[in-house]
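Visitor: Sequence:
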Amino acid sequence: MELTTFNGPPAHVLLAHFVVVLVLLAALGLVVCAIWPAIMARAGIGLPLLALVSLILVPLTTEAGEWLEDRVDETALVEEHAELGESLLPWVIGLFVLSALLWFFRRRASAAAPAAGPADTPARSAAFADSLPFRVVAVVLSLVVGIGAAVQVYRIGHSGAEAVWKDNFSPTPLEKGGNEGGEEGE
Numbered sequence: 677m678e679l680t681t682f683n684g685p686p687a688h689v690l691l692a693h694f695v696v697v698l699v700l701l702a703a704l705g706l707v708v709c710a711i712w713p714a715i716m717a718r719a720g721i722g723l724p725l726l727a728l729v730s731l732i733l734v735p736l737t738t739e740a741g742e743w744l745e746d747r748v749d750e751t752a753l754v755e756e757h758a759e760l761g762e763s764l765l766p767w768v769i770g771l772f773v774l775s776a777l778l779w780f781f782r783r784r785a786s787a788a789a790p791a792a793g794p795a796d797t798p799a800r801s802a803a804f805a806d807s808l809p810f811r812v813v814a815v816v817l818s819l820v821v822g823i824g825a826a827v828q829v830y831r832i833g834h835s836g837a838e839a840v841w842k843d844n845f846s847p848t849p850l851e852k853g854g855n856e857g858g859e860e861g862e
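Each residue of the sequence shown is one higher than the last, beginning at 677 in the numbering used here.
These are computed hints drawn from the structure, not numbers from a lab.
One thing to keep in mind: the hints can contain errors.
Listed next, the in silico SDA-like pairs over lysine to any residue satisfying Cα-Cα at most 20 Å (straight line) [what the hints assert, rightly or not]: (1) 842 to 755; (2) 842 to 748; (3) 842 to 756; (4) 842 to 759; (5) 842 to 744; (6) 842 to 726; (7) 842 to 754; (8) 842 to 747; (9) 842 to 721; (10) 842 to 753; (11) 842 to 717; (12) 842 to 823.
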């Protein structure tokens with residue numbers, strides 16, 4: 677089943693707005709949870725699920741965009757937008773994988789910490805997840821992937837806005853028929 681239109685307008689337009697919001701939220705959530713593990717413990721499975729929904733929506737949005745691309749004039753701006761749109765998926769895969777790994781290690785650390793003794797495997801897992809090297813790597817990778825995803829979302833959105841709106845509006849208000857802001861006869 678292909679998403680082509682939604683209640684009249686092309687589905688790509690609606691899906692693209694969902695992708696923008698969800699990918700940016702997932703990127704921000706990933707960075708925040710990597711920096712503050714306590715927030716990851718509170719967020720629970722929510723962050724990986726948000727990233728998963730984003731991951732599912734990106735290919736659907738790309739597919740709907742390809743359908744729309746066949747139905748609009750072929751321009752350099754449309755081509756640029758289409759090419760940039762195909763570059764988002766690896767970033768969103770990274771968001772999902774990192775958020776799932778952070779959740780997994782935080783969950784193991786939270787479950788193991790109160791019950792395990794120092795020689796237990798769960799305790800070693802908790803110590804690993806709380807270790808400085810793990811946290812530094814998690815923060816750096818989260819920053820790279822989160823910022824990379826956000827920059828790509830911006831670039832794709834900007835190119836799409838240019839493809840739709842460049843030279844298609846007046847920089848000054850157009851004069852409309854009738855009286856300004858009032859009823860006739862005032």
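Visitor: Each hint: holds or not?
Guide: Hint check:
no. : hint       : result
1   : 842 to 755 : 14 Å, holds
2   : 842 to 748 : 15 Å, holds
3   : 842 to 756 : 14 Å, holds
4   : 842 to 759 : 18 Å, holds
5   : 842 to 744 : 18 Å, holds
6   : 842 to 726 : 33 Å, violated
7   : 842 to 754 : 11 Å, holds
8   : 842 to 747 : 18 Å, holds
9   : 842 to 721 : 41 Å, violated
10  : 842 to 753 : 9 Å, holds
11  : 842 to 717 : 45 Å, violated
12  : 842 to 823 : 27 Å, violated
Checked against the numbered hints above, the structure violates hints 6, 9, 11 and 12; every other hint is satisfied.
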